[in-house]
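Keeping their order, the protein sequence lines are chains B and C.
Numbering of the first sequence is given in the working numbering, commencing with residue 1 and proceeding in unit increments.
Numbering of the second sequence is given in the working numbering, commencing with residue 1001 and proceeding in unit increments.
Treat the hints as calculated values from the structure; they're not laboratory data.
Cβ coordinates follow ideal geometry from the N, Cα and C atoms, glycine included.
Treat the hints with care, as some may be off.
As the list claims (entries may be wrong) - To give an idea of the interface, some chain C residues facing chain B are shown, with a C-beta separation under 8 Å as derived from the structure:
id	residue
1	Asp1014
2	Asp1031
3	Cys1056
4	Leu1098
5	Ala1243
6	Asn1244
7	Glu1336
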Amino acid sequence: MRHITLRGRGDLEEWRVAARALAIAGVASEEVEWHAEAEDGGLFRHDGEMPLPASSPDAAPLTVPPAFIELANAVICHSDPARFMLLYRLLVRLQADRRLLEQPSDEDVVRARLMEKSVRRDAHKMTAFVRFKEVGSGISVNGRRKFLAWFEPDHYIVGRKASFFQRRFNDMDWIILTPKGSAGWDGKTLTIGDDSCEKPDLSDAADELWRTYYANIFNPARLKVKAMQAEMPKKYWKNLPEADLIPGLIANAESQVLAMAKREATRPLPFHERLQEAARNAPGLPVAEAGTWESLREAAATCTRCPLHGPATQTVFGEGPRDAVAVFVGEQPGDQEDLAGRPFVGPAGSVFDQALVHAGIARSTIYVTNAVKHFKYEPRGKRRIHQRPNMGEVKYCRWWLEQELELIAPKLVVAMGATAVASLADGKFRFSDIRGEALATPDGRVLFTTVHPSYLLRLPDPAKKAEETDRFLQDMLKIQRLIESISQGDSIASIAR
Amino acid sequence: MRKSLKERLAILSDAAKYDASCASSGTTKRDSGASGGLGSTEGSGICHAYAPDGRCISLLKILLTNFCIYDCAYCVNRSSSNVERARFTPEEVVWLVLEFYRRNYIEGLFLSSGIIRSSDYTMEQLVRIARELRVTHNFRGYIHLKAIPEASPQLIEEAGLYADRLSLNIELPTDAGVARLAPEKKPSEIRRSMADLRLKIEAAGEPTLQTKRRKRFVPAGQSTQMIVGADGANDAAILGCSANLYGSYGLRRVYYSAFSPIPDSSSTLPLIKPPLMREHRLYQADWLYRFYGFGIDEITSSETDGMLDLDLDPKLSWALRHRGEFPVDINKADRERLLRVPGFGTKTVKSLLSARRFRRLRMDDLSRLGVSIKKVQAFIIVEDWSPRRLIDRPDLRQMFEPQPEQLRLL
Chain B
1 MRHITLRGRG DLEEWRVAAR ALAIAGVASE EVEWHAEAED GGLFRHDGEM
51 PLPASSPDAA PLTVPPAFIE LANAVICHSD PARFMLLYRL LVRLQADRRL
101 LEQPSDEDVV RARLMEKSVR RDAHKMTAFV RFKEVGSGIS VNGRRKFLAW
151 FEPDHYIVGR KASFFQRRFN DMDWIILTPK GSAGWDGKTL TIGDDSCEKP
201 DLSDAADELW RTYYANIFNP ARLKVKAMQA EMPKKYWKNL PEADLIPGLI
251 ANAESQVLAM AKREATRPLP FHERLQEAAR NAPGLPVAEA GTWESLREAA
301 ATCTRCPLHG PATQTVFGEG PRDAVAVFVG EQPGDQEDLA GRPFVGPAGS
351 VFDQALVHAG IARSTIYVTN AVKHFKYEPR GKRRIHQRPN MGEVKYCRWW
401 LEQELELIAP KLVVAMGATA VASLADGKFR FSDIRGEALA TPDGRVLFTT
451 VHPSYLLRLP DPAKKAEETD RFLQDMLKIQ RLIESISQGD SIASIAR
Chain C
1001 MRKSLKERLA ILSDAAKYDA SCASSGTTKR DSGASGGLGS TEGSGICHAY
1051 APDGRCISLL KILLTNFCIY DCAYCVNRSS SNVERARFTP EEVVWLVLEF
1101 YRRNYIEGLF LSSGIIRSSD YTMEQLVRIA RELRVTHNFR GYIHLKAIPE
1151 ASPQLIEEAG LYADRLSLNI ELPTDAGVAR LAPEKKPSEI RRSMADLRLK
1201 IEAAGEPTLQ TKRRKRFVPA GQSTQMIVGA DGANDAAILG CSANLYGSYG
1251 LRRVYYSAFS PIPDSSSTLP LIKPPLMREH RLYQADWLYR FYGFGIDEIT
1301 SSETDGMLDL DLDPKLSWAL RHRGEFPVDI NKADRERLLR VPGFGTKTVK
1351 SLLSARRFRR LRMDDLSRLG VSIKKVQAFI IVEDWSPRRL IDRPDLRQMF
1401 EPQPEQLRLL
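Start from the sequences, fold in the hints, and give me the full structure.
Below is the structure:
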């Protein structure tokens, strides 16, 4: 049996030197007994302490996966003396089984992971429960304020966590003392000591404000003492300035709630009446003149004719010049349109914009709107899946579209997609029968039908997509020619079929 | 006489305790190591203390003022309430944050406010505090600002440059509930502000032509809070509203706050103990929706009156109503199926998938992974265990129900 004694203060390097020599020499894990000076007090040496085996130059190199280094760095901080042995056994086993650590139910792996977890938790609690107290009177000679803290960790974690405090408390000098080492920062150097420290006598005037905050942020109607203790175990309480308030807060919670319940509602102070009075007399927003596009838009913003208004963000009304020759009617707003409150701004909108550019139609000269004004969708996870509006919804919403068309009185209406056709032609035509054609409508307009740009986005087959995109662009050119002949004053009958 | 800072801190933290959010996580990593200054954020937040209500204290959660021109029935600060009023100056808030932070009491600031004068005036004050902290004092800790409803988009945008997180509270799941209890609030305006915020966050995330670095804009995203139990909405309505909010505005979190009796309560509201278990079940259901692939309908549709079962957690409740889906073979089933087993969390499922590549799993593998055998045994098959007819037993539900408790007299 070999005995190895380490100082054991959370430093992986000293274990690594010993373990490496032993493993290369082929020493089995059962043949080594590991000791920690820190736990034994370093008072005696063990019998059988032998120098480490010298490594021979032709020994096979020792390699471990990176995950082991990470694990060992944590486990070595644990205060259990068995940690050295466990790490050594893992090291030896890893030489035969490289993927040992990927087997989370292996007994040694489970034990090491538990130790790692305990160290991580202790280190995390240190970041949470260290309480700095200001020492000296404000600014010191180097222009920096000085702080001191006392903390009692379970494991040797001070060295592991020191850089956290440096990153966080950079512009002040601080020292953290613990029974298992210390750390300090002076703006230039991070000093880590592994000697045990004594608890200093500390007080800080700000603690009283903190205690005030702690007592008042607590809601007595929701007492959950177990939940608190699970996260803030009593062992930490003695160094937390707020902890001695806890018993009193718990004891008085019930009576506070009862007192609250007994107290009857009181009459509001006069300032409430004054506010209410002011609100009643506040001038309302200017209302648009009846019969104008603006008043129609205002009315549509609060439309509740069909259930689609519930989950949608807002009504997406049409936009464009009031005297536009052509009105383009799409299906309904999509995700982006619903957020922005404007038609055709999402992915389909950019396909549409490109097609307009291709055909030489300026978007600023046309009026763009949708058959249905609210976005219909199905929430799924963190996304909204577009849903096609049903005939009922299209019918309810047609009222708005008709008002828009009446006010703008365009000579040309472009229906994009089957829903738009259904809305505009009231089911008299099938989309595929009239696509790409200009029809004269009874109210003296030209109706032209093409696909909705989002149809092109949804086509999975690239060849089909190219073909359909080309057809859409052809349609847009036809539309451009229609706009031109209308602008030149050609009669509807001569333009349309 | 003017109240002391300590007295005002007492009033304005008391007024803030009904805000459920306490998170200080999910923002970009940054520290004061290279450039000096004070503060850091490391991805995950740190809870510096816990109050006896079991809630974590990670931020200085205060109101700038508890004066308010609104009269929302559920709110302790409504204009008709007779609570003691107080107000901090922006300089006092900045001083408190820095001094508390230096002593490692907190991770940063959660700042909300009653609405005084106007939405824009109030929002301006909040933005000013965040700007002072970031620009003047080089503060790198966490800042969560409550966006004031109907504040101008320019102010919200500036707030987003300094804050890690912005939140707008939806308050109640239905527009009708808001109209009844919070007459001055406009749900459609709140939704529109959330939409605007999502668009701005997405725009800031786009790479620009000049630099690969993304603009820093609300890196911890937006969140909201819903009050549970102040109006008549059932759990299905609440969760449906959450699903819409997650899908529509990319919210990081919806917080559920069980309506808590407040001092000097409005006579339109009941003075009941807050339904803490209901709140807990809602969080569990919310989790199932976001991380376990459950649809809201699956969770709530077969519960009575659209309310979640208070005795059993929603996953267990779902499993007992869908016994045909079980038992699940741990050595064969895919991730989606494993996630539906009551008692398995996402971490356990990950470990199981990794472990079974090396050997066929047995019951003691599961217990070494920290799984509660009692909870899962009826629903799984492993190498040395099959539940046989356990899954079909009519009294299976009783095995999981809490033991009957004697009611308290008071």
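Results of checking the hints against the structure:
no.	hint	result
1	Asp1014	4 Å, holds
2	Asp1031	4 Å, holds
3	Cys1056	7 Å, holds
4	Leu1098	10 Å, violated
5	Ala1243	4 Å, holds
6	Asn1244	5 Å, holds
7	Glu1336	13 Å, violated
In this structure, the earlier hints numbered 4 and 7 are contradicted, and the remaining ones agree with it.
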